[in-house]
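Chain order of the listed sequences is A and B. So for the first sequence, the numbering used here puts the first residue at -14; every next one is plus one. So for the second sequence, the numbering used here puts the first residue at 24; every next one is plus one.
Keep in mind the hints are simulated off the structure, nothing from the lab. Hints may be right or wrong, so weigh each one.
[To be verified] Quick list of simulated restraints, FRET-style, between CB atoms: (1) B:D142 with A:G15: 27 to 35 Å; (2) A:D127 with B:I78: 22 to 30 Å; (3) A:E37 with B:I124: 57 to 65 Å; (4) A:N63 with B:L69: 46 to 54 Å.
Remember, predicted model here, so these are calculated numbers, not experimental data. Using N, Cα and C, we set each Cβ at its ideal position, and we do this for glycine too.
These are the residues of each chain, in order.
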Amino acid sequence: MTKIKNNNIKNKIAILGVGSTQYGELWHYGIGDLIAQAQIKALDDSGVNLKEIDNIYVANMCGEIFSGQAHLGALASNILGLSVPAARIEAACASGGVAIMSGIQAILSGMSQVVMVTGVEKMTDVDPAYAATALMGAGLFDYEHFTGATFPALFGLITRLYTEKYKITREQLAQISVKNHANGVKNPLAHIRKEITVQDVLRATVIASPLTLLDCAPISDGASTVILSSYDFARKKNWDGFYIASCASATDTLALAQRESLLEFKATQKASALAYSQARITPKDIDIAEVHDAFSTSEIISRHDLGFCAPGAQALNIKRPVINSTGGLKSRGHPVGATGVGQLVDIVNQLRGTAGQCQIPGVKVGLTHNMGGAGVTVVVNIIRGI
Amino acid sequence: MLAKSSVSSWRLYKERYLLQGGKCSKCKRLFYPKVHLCLCGCREILKINFSGKGILKSYTQVMSPSWEFKSQGAVFVGLIELIEGILIIGQLSDTTGQITIGTKVMAVLRKIYTMGKEDIINYGLVFIPDI
């Protein structure tokens, strides 16, 4: 776990710049094009000179499988014409969150002042069935994939247990996707900008019962970049004062069946408890959150694991914090390596007041929740302004 | 691409054919698949072959299968609580009619899928109703 030592601003991690590509089926662009687009957007946003970047991390799960391209750290450095230390970070769908954590560690260690973190995934060049096999690498592949399980299947098993335990109807579960699509319509970078109804969700193609296509985040291409720095560096720049107040991560068993409970994600509970503690706040202080809704069920379970409500029906109707205001993974899209970074981009835009039609007025404290596998790796960041 | 050699299946045959897992010699905790270290810190993990008999706790019908299962159209996957007291994920077969949570199931050896250019058959255990 990354521990930001105390509440002193000098130990905080400044967010200098953010940028995202469109998420979607981006057939005109390869993985390098996506990295470049996100990097340039974040650079322009930050006011950082290229020569000031000390270190680059690239979050990515399946570059060599989907694109035949590994060595993404060096690729990202090459694109900018740099020769700085650079590495790829892989933690399944939590790659982005873990890459951000690695960037924070590099800055807190004193080895770097300015770190660029780019998340990227180029998923739509392969058959979806092939992508389904690759994504099962986030679980215990030799055993879980061998049963015929896919990632939606693991959440299908969880969903049946959860909805029966807490008496949640299929219609209630569908409301999560309906809400996220309604938000995503307002986001020009979202993959699927289309409003849907509860009936649409229920009538959609079954992916892994009881989950339908509209319960599941899409397979997307996309990239997002954030540029982080030490406080000492940021205060000499035209920094708008937004910083990562805390970053915490935890892991759980890859094998879903080895969990003590399938009705909660312990890694989310551990990571969020530590993040709140480090930031010296409680869940009630969070105004806005990006919660990892790879499946409708994962948003419901994560809502209570993050301390926003009790399990079950209460999780369906919470007013605060505002969750997934830019569409979540469901509508915004889920290029798995980019997702954790993209969540941070969206929260920063909300706190700055630059979220366009997605803007929620008056938000001061934001949270990102990035999950890899079925609750295996979780990273929680808390973001606020000075 | 992801295609592995048949060796990767061969080395797992005890786990896949015999349902071999582990039992901590100190705290008696059970594991499937095997582990190298128990949560209690003990490194002496005994081999144990589970019975394959259990009760269905949850299930899903996978209508959008992964690459290796694509030719099968749809696959049923279940979460089973073995009579030894641990949970395991397994493929369900012979599920004529309605699948019901609480159904007694038992493991049997079946063809799972073929792999590689040689179409080498991978066998493994699937769970069928224990009637």
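Hint-by-hint comparison with the structure:
no. : hint                          : result
1   : B:D142 with A:G15: 27 to 35 Å : holds, 33 Å
2   : A:D127 with B:I78: 22 to 30 Å : holds, 25 Å
3   : A:E37 with B:I124: 57 to 65 Å : holds, 58 Å
4   : A:N63 with B:L69: 46 to 54 Å  : holds, 52 Å
The structure shown violates none of the earlier numbered hints.
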